[in-house]
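Undergrad: If you want the building blocks of each chain, they are given just below.
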Amino acid sequence: MRKVAVVGAGMTKFMRRAHETGKELAWETSRMALNSCDLTLKDVDCVVMGTAPDAFDMIHMKHEYLSDGAGAWRKPYVRGFLGGGTGVFTACQAWYHVASGLFDVCLAVSEEKMSSCLPHPQGAFVTCWDQFTESPLGTSLLWFFAWEMNRYMHAHGITEREIALVSVKNKKNAIEHPCAQLPGEITVDDVMNSEIMAWPVKRLDVSPTSDGAAVLVFAAEDVAKRITDKPVWVEGAGWCLDTMYIGQRDLYYPKYVEYAARMAYDMAGIKEPRHEIDIAEPYDPFSYKELHNAEGLLLCGKGEAAKLTVDGETQRTGRQPWCPSGGALGVGNAIAATGVMKVAELFWQLRGEAGGRQVPGKPRRGVAQAWGDEMQVGTVIVLGV
Amino acid sequence: MNEKVKVWPGTPLSEKDIIEKRVLFTEWEPNLKYAWDAGVGYGGYFAGLKEGRIVGTECSKCRRVLLPARAFCEWCFRTVDRWVQLNDTGIVNTFSVAYTGTAAERLKDPLVPALIEIDGSGGVAIMHLIRGGDPWKVKIGMKVKAVWKPKGKREGSINDIEYWKPV
Numbered sequence: 000m001r002k003v004a005v006v007g008a009g010m011t012k013f014m015r016r017a018h019e020t021g022k023e024l025a026w027e028t029s030r031m032a033l034n035s036c037d038l039t040l041k042d043v044d045c046v047v048m049g050t051a052p053d054a055f056d057m058i059h060m061k062h063e064y065l066s067d068g069a070g071a072w073r074k075p076y077v078r079g080f081l082g083g084g085t086g087v088f089t090a091c092q093a094w095y096h097v098a099s100g101l102f103d104v105c106l107a108v109s110e111e112k113m114s115s116c117l118p119h120p121q122g123a124f125v126t127c128w129d130q131f132t133e134s135p136l137g138t139s140l141l142w143f144f145a146w147e148m149n150r151y152m153h154a155h156g157i158t159e160r161e162i163a164l165v166s167v168k169n170k171k172n173a174i175e176h177p178c179a180q181l182p183g184e185i186t187v188d189d190v191m192n193s194e195i196m197a198w199p200v201k202r203l204d205v206s207p208t209s210d211g212a213a214v215l216v217f218a219a220e221d222v223a224k225r226i227t228d229k230p231v232w233v234e235g236a237g238w239c240l241d242t243m244y245i246g247q248r249d250l251y252y253p254k255y256v257e258y259a260a261r262m263a264y265d266m267a268g269i270k271e272p273r274h275e276i277d278i279a280e281p282y283d284p285f286s287y288k289e290l291h292n293a294e295g296l297l298l299c300g301k302g303e304a305a306k307l308t309v310d311g312e313t314q315r316t317g318r319q320p321w322c323p324s325g326g327a328l329g330v331g332n333a334i335a336a337t338g339v340m341k342v343a344e345l346f347w348q349l350r351g352e353a354g355g356r357q358v359p360g361k362p363r364r365g366v367a368q369a370w371g372d373e374m375q376v377g378t379v380i381v382l383g384v
Numbered sequence: 000m001n002e003k004v005k006v007w008p009g010t011p012l013s014e015k016d017i018i019e020k021r022v023l024f025t026e027w028e029p030n031l032k033y034a035w036d037a038g039v040g041y042g043g044y045f046a047g048l049k050e051g052r053i054v055g056t057e058c059s060k061c062r063r064v065l066l067p068a069r070a071f072c073e074w075c076f077r078t079v080d081r082w083v084q085l086n087d088t089g090i091v092n093t094f095s096v097a098y099t100g101t102a103a104e105r106l107k108d109p110l111v112p113a114l115i116e117i118d119g120s121g122g123v124a125i126m127h128l129i130r131g132g133d134p135w136k137v138k139i140g141m142k143v144k145a146v147w148k149p150k151g152k153r154e155g156s157i158n159d160i161e162y163w164k165p166v
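Listed in order, the protein sequences are those of chains A and B. Heads up: the first sequence begins at 0 in numbering that gives the first Met the number 0, then just goes up one per residue. Heads up: the second sequence begins at 0 in numbering that gives the first Met the number 0, then just goes up one per residue.
Keep in mind that the hints were calculated from the coordinates and are not lab data. It cannot be assumed that every hint is accurate.
Lysine-lysine pairs mimicking BS3-like chemistry, simulated, CA-CA at most 30 Å apart [as the list claims (entries may be wrong)]:
1) A:Lys-22 - B:Lys-20
2) B:Lys-3 - A:Lys-224
3) B:Lys-5 - A:Lys-22
4) B:Lys-142 - A:Lys-254
5) A:Lys-74 - A:Lys-224
6) B:Lys-5 - A:Lys-229
So that you can see chain A by itself, here it is in the shape it has in the complex:
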């Protein structure tokens, strides 16, 4: 396999409702990412598209609809779709397109427009359950997260207040993010007193629904070195899927995230992730998910993530910052675009270009992760300089 670098990135503001259409968002961002590394569409050999359910837009084969905005016409083009795990997988997919030797430059485009779906995009998820044994119960997607959070708290004796600290941290981190949808200074009490959606999940434990796009440019080693003095190398990638029968696995621990992480770490030669990784962007659509996913990423032992958060080790200035971007909770959760935003954050952080969000001490290696499908897929990428 060839060495592959990320050489450019761009994103839109994340917002509850965008005036621009999905393809306009994709176009603005693709152009921005190409400009950032002085490439044109002519230099792009192939395009990968990450975008989550067609049901958000009610457009069948949404990637075809988005293809002109993604610069895909008359180029090899493919969409990877792993639900919420799509974003980071889009980066993995771009990586293997180039690593394989088939292409020198790959544009990785992600777009999500959730606001079209009324009254609330969560309704689009009614078809993500088993149509025989689950949907007829009037199932809500939030129930799943409540079950998982409850099981996680129960297994380790973790409290809601400890978990609320993740929302507090990430929304604060997002204050320095120019594209953030819900940045702010909130307290643990604010989270605890916010509306109960599906206990133990409260409103401020949940990321917003968002419109937005994020794009990365991937290049083979020889091309990357001609384009930039600061390539950010893909050191490892991994993905893994668990069973659809949620009653058949214990929700307290995401084994599939661990398997995906091990695949990526083996590739990167990482033996002690908690010591060898400087910054992490675990997927945080819910406050507890940052902790749950970080444990799956082997950044700490099972049940230890809450303590690290309480001790401040995961703050931007802490020993190993988690979600220095502000994450899905602060920047917004434009599903597929959020995963790519997380990889873009590693790119900017490792190049020392993250502005007010810059993690001190020149971080050299980071991991980004997303989670989704039927809440049982893990996608992981490791970047380093």
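Given the coordinates of chain A, assemble chain B onto it according to the supplied hints.
TA: Positioned in the frame of chain A, the structure of chain B alone reads:
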């Protein structure tokens, strides 16, 4: 590059812009209906429910109960060996006190959706609802029992179990 960018693309709209139709948009309400055959595995599962029984299947290679009943074992990748009848009691694996329905609409009276480990299945859980009693008194590990619809009203559906009550 991040620091150098002064204007990030994207134009936020407000909810008012949509409700008051201050922006141009189009609406479409799709009218789609689906009919599914439940197949071999689930077919047997639902036939059992209609008779007031919870049935699974068993793979004798990995000695595992598959619940809801299925035609093949996904681990051993072979056809299952037999049907097994399970109890209509179980313990709460995890639960929520939910004030939101399918489209995140708010519910005045909360539902208690739960994963219930069915007795005799070796710890495999199914998704259902708990009712009867204070929702805030539900605990992980609590014993529950199925409350069935009357015999004539069952139609071979997961809703043939009306709910689960604490015992």
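Undergrad: Each hint: holds or not?
TA: Do the hints match the structure? See the list:
no.	hint	in the structure
1	A:Lys-22 - B:Lys-20	holds, 22 Å
2	B:Lys-3 - A:Lys-224	holds, 22 Å
3	B:Lys-5 - A:Lys-22	holds, 22 Å
4	B:Lys-142 - A:Lys-254	holds, 27 Å
5	A:Lys-74 - A:Lys-224	holds, 24 Å
6	B:Lys-5 - A:Lys-229	holds, 21 Å
Against the hints set out earlier in the document, no violation occurs for any number.
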